[in-house]
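Asker: Sequence order for the protein chains is R and A.
Each residue of the first sequence is one higher than the one before, counting from 19 in our numbering.
Each residue of the second sequence is one higher than the one before, counting from 47 in our numbering.
Check the hints yourself; a few may be wrong.
Said to hold, decoys possible - List time: in silico PhoX-like cross-link candidates among lysine-lysine, alpha-carbon distance up to 25 Å:
1) Lys188(A) x Lys165(A)
2) Lys347(R) x Lys357(R)
3) Lys210(A) x Lys86(R)
4) Lys268(R) x Lys50(A)
5) Lys347(R) x Lys314(R)
6) Lys50(A) x Lys263(R)
7) Lys91(R) x Lys382(R)
8) Lys306(R) x Lys86(R)
9) Lys49(A) x Lys263(R)
10) Lys357(R) x Lys188(A)
11) Lys91(R) x Lys188(A)
12) Lys86(R) x Lys81(A)
13) Lys81(A) x Lys50(A)
14) Lys95(R) x Lys188(A)
15) Lys86(R) x Lys188(A)
16) Lys326(R) x Lys268(R)
17) Lys95(R) x Lys382(R)
18) Lys404(R) x Lys37(R)
19) Lys165(A) x Lys31(R)
20) Lys306(R) x Lys217(R)
21) Lys88(A) x Lys60(A)
22) Lys268(R) x Lys49(A)
23) Lys188(A) x Lys382(R)
To be verified - Label-pair distances were calculated between CB atoms; the ranges are:
24) Pro53(A) x Thr269(R): 18 to 28 Å
25) Pro319(R) x Pro53(A): 53 to 63 Å
26) Glu182(A) x Met44(R): 25 to 35 Å
27) Phe199(A) x Gly318(R): 23 to 33 Å
Derived from the structure by calculation, the hints contain no laboratory data.
Every residue gets a Cβ at the ideal spot worked out from N, C-alpha and C, and that includes glycine.
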Amino acid sequence: MPDIQEVTVDDLKHLVSEKAIQGETMLLNMGPQHPSTHGVLRLLLELDGETVINCIPDIGFLHTGIEKNMEAKTYQKAEVMSDRLDYMNPVGNNLAYSMAVEKLVELDVPVRAQAIRVILAELTRYQSHLVWLGTAALDLAAMSMFLYCFREREYILDVMELCSGQRMMTTYIRPGGLWRDVPVEFEAAVRNILKTFPKRIDEYEALLTRNPLMLDRTLGIGRLTGEECLNFGVTGPMLRASGVKWDLRKTRPYSGYEQYDFEVPTRPEGDVYARFLVRLEEMRQSLKIVEQALNKLPMGPVRSNNFKFVPPPRSEIGVSMEALIHHFKLWTDGFNAPKGSIYNAVESPRGELGVYLESDGGPKPYRIHWRTPSFDNLQSIPLMAKGVLVADLVAIIGSIDIVLGDVDR
Amino acid sequence: MDKKLQPIIEELEKEFGATSTEYRGDASLVLPREKIVAACQKVQGLGFELLSTLSAVDYWPQQEPRFHVIYEFTSVSMNLRFEIRVPVPGINPSLPTVTHIYRNANWRERELWDMFGIKAEGHPDLRRILMPADWEGHPLRKDYPLGYEEPQFTFNFEEIDLRKPYAKE
Numbered sequence: 019m020p021d022i023q024e025v026t027v028d029d030l031k032h033l034v035s036e037k038a039i040q041g042e043t044m045l046l047n048m049g050p051q052h053p054s055t056h057g058v059l060r061l062l063l064e065l066d067g068e069t070v071i072n073c074i075p076d077i078g079f080l081h082t083g084i085e086k087n088m089e090a091k092t093y094q095k096a097e098v099m100s101d102r103l104d105y106m107n108p109v110g111n112n113l114a115y116s117m118a119v120e121k122l123v124e125l126d127v128p129v130r131a132q133a134i135r136v137i138l139a140e141l142t143r144y145q146s147h148l149v150w151l152g153t154a155a156l157d158l159a160a161m162s163m164f165l166y167c168f169r170e171r172e173y174i175l176d177v178m179e180l181c182s183g184q185r186m187m188t189t190y191i192r193p194g195g196l197w198r199d200v201p202v203e204f205e206a207a208v209r210n211i212l213k214t215f216p217k218r219i220d221e222y223e224a225l226l227t228r229n230p231l232m233l234d235r236t237l238g239i240g241r242l243t244g245e246e247c248l249n250f251g252v253t254g255p256m257l258r259a260s261g262v263k264w265d266l267r268k269t270r271p272y273s274g275y276e277q278y279d280f281e282v283p284t285r286p287e288g289d290v291y292a293r294f295l296v297r298l299e300e301m302r303q304s305l306k307i308v309e310q311a312l313n314k315l316p317m318g319p320v321r322s323n324n325f326k327f328v329p330p331p332r333s334e335i336g337v338s339m340e341a342l343i344h345h346f347k348l349w350t351d352g353f354n355a356p357k358g359s360i361y362n363a364v365e366s367p368r369g370e371l372g373v374y375l376e377s378d379g380g381p382k383p384y385r386i387h388w389r390t391p392s393f394d395n396l397q398s399i400p401l402m403a404k405g406v407l408v409a410d411l412v413a414i415i416g417s418i419d420i421v422l423g424d425v426d427r
Numbered sequence: 047m048d049k050k051l052q053p054i055i056e057e058l059e060k061e062f063g064a065t066s067t068e069y070r071g072d073a074s075l076v077l078p079r080e081k082i083v084a085a086c087q088k089v090q091g092l093g094f095e096l097l098s099t100l101s102a103v104d105y106w107p108q109q110e111p112r113f114h115v116i117y118e119f120t121s122v123s124m125n126l127r128f129e130i131r132v133p134v135p136g137i138n139p140s141l142p143t144v145t146h147i148y149r150n151a152n153w154r155e156r157e158l159w160d161m162f163g164i165k166a167e168g169h170p171d172l173r174r175i176l177m178p179a180d181w182e183g184h185p186l187r188k189d190y191p192l193g194y195e196e197p198q199f200t201f202n203f204e205e206i207d208l209r210k211p212y213a214k215e
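Just chain R, with the same shape it has in the complex:
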């Protein structure tokens, strides 16, 4: 086994200022075990007293080679890995992957499946924002927020468990539709969420929105303009908090989002506080979408009946020879996707979640690339961190809402 090569200050000379080499400023590692880095993010900070002069992110601690692994699996089996990318938004990842495969092989999705996809994707967005709110507020020392948010998150995870049997890694959305129809208890469970959650958002607002400590820690911190955001590839709530009204659900609607009436909240300030307000408003809008989708949830099948790509229902396998053959072929060889490449993006809770999928005509993806929003959002941190205090840097990291599984893939 070769010796482990250490990264020395010499390797990073071009990234820090001259003063750090002479020892006038201090180099400090923040992370990868620091609790406010939300996982395994390492930041090399150059500090002058308590002021950050340079911030050099070091990522890759959670790299699991998902893109490489997916290339070795058939289309159905590769989907299971997509849950593990952004583990706060598993349903959104499934949706992005399924839509990419559907675009490649030209599959139609029944309207009922589309509506259920929207409901689950919005609930997942809500729970992702809850985790963000809890942890970001915890970074600012608002301990009780964390407990409230995780209490509410359980209700949503219960719905996921009801549908798919899994709380987080659901793999419920499949290419061509859903794994199976939602159970009868689903509607009551979602209605319960719709009834209780708006009041809970008011409670969070009462605790935080006008809290002087919160305002002190967030107002004017980590400011980004709209142009800077776009130039750095920053998307999602961070972009909208900088005044750019760009939401893929509205601008390039997919899965029937065009039928629902919802607002895209924006703020002009572009600081940590604006991101907080935008995300809170997004939570309300998510509930609004879920309510509309649930009210006009159509009846019908939840899976495409193109059995060349979608497994036939269990009830048919016992009586139809053809269904049995399709089932056997799909779960042994998989299906062959036509040759070509596509790029498809959906709006994840963190921004544009894109899938680049290329097929060589075989049963496995030839190349699958995930454009994960956290990767680009995190890149803007050296810009935001310049000249702030270390304590403010913690607030900035919280406001980006990074998920390291999403960054490192």
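Please arrange chain A on chain R, whose structure you already have, making use of the hints.
Answerer: This is chain A only, laid out in the frame that chain R set:
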């Protein structure tokens, strides 16, 4: 293809000698690698503010070109999207950097170097990003094998443990 996108694609085709294709309604341009910086400047000037992603595909064992580097552009102001593909040969693969045009290309080009070994010439900080600094090889190349770990069961735990490559005291 979008009607607003049609003239933009035609303009780029004429100016940079590119060839365009359309697949599932998405436009894609193939450009020689010498022209990618000028093309990116032009594309940004045309209102494509966002470089959605930058990645590559490996067509090994084909050598000329072995890689296609893919740039996905998004226009927030016009709500358009298209793709540029740049063929890169397998021997000494490199292409000019676009970091000074799209700032988020910085990490994406580091990832390109890390995963495919394609050098971005003129990149300010070309280090590995996802893999450890002392890693050998470029994992997303097609000639790089997918590794595995032998599962240990009670009957063969010690036997496998002996040859397992991890730190022991």
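Asker: Going straight from one Cα to the other, do Lys188(A) and Lys165(A) come out at no more than 25 Å?
Answerer: Status holds; Cα separation ~17 Å.
Asker: Checking one constraint from the list: CA of Lys88(A) to CA of Lys60(A), max 25 Å. Satisfied?
Answerer: OK: Lys88(A) and Lys60(A) at ~13 Å, within 25 Å.
Asker: Are the Cα positions of Lys306(R) and Lys86(R) separated by 25 Å at most?
Answerer: It is violated: about 38 Å lies between the C-alpha atoms, which goes past 25 Å.
Asker: For the pair supplied as a hint, Lys357(R) and Lys188(A), confirm whether the alpha-carbon distance does not exceed 25 Å.
Answerer: 18 Å, holds
Asker: Within 25 Å, alpha carbon to alpha carbon, are Lys49(A) and Lys263(R)?
Answerer: With a Cα-Cα distance of about 23 Å, the restraint between Lys49(A) and Lys263(R) holds, given a limit of 25 Å.
Asker: Do the alpha carbons of Lys91(R) and Lys188(A) lie within 25 Å of each other, as the hint requires?
Answerer: Measuring from Cα to Cα gives roughly 14 Å; hence the hint holds.
Asker: Do the alpha carbons of Lys188(A) and Lys382(R) lie within 25 Å of each other, as the hint requires?
Answerer: Given that 25 Å is the threshold and the Cα spacing comes to 14 Å, the pair holds.
Asker: Between Lys91(R) and Lys382(R), is the straight-line Cα distance small enough, at 25 Å or below?
Answerer: Since the Cα atoms of Lys91(R) and Lys382(R) sit roughly 6 Å apart, the hinted pair holds (cutoff 25 Å).
Asker: Next pair to validate is Lys326(R) with Lys268(R); report whether the Cα-Cα distance is within 25 Å.
Answerer: This hinted pair is violated, its Cα atoms lying about 32 Å apart.
Asker: Hint check: Lys404(R) vs Lys37(R), CA-CA at most 25 Å. Holds or violated?
Answerer: 15 Å, holds
Asker: The hint says 23 to 33 Å between Phe199(A) and Gly318(R); measuring C-beta to C-beta, is that right?
Answerer: 47 Å, violated
Asker: For the pair we were handed, Lys86(R) and Lys81(A), check the Cα-Cα distance against 25 Å.
Answerer: Since the Cα atoms of Lys86(R) and Lys81(A) sit roughly 30 Å apart, the hinted pair is violated (cutoff 25 Å).
Hints 5, 8, 12, 16, 25 and 27 from the earlier list are contradicted by this structure; the remaining hints agree with it.
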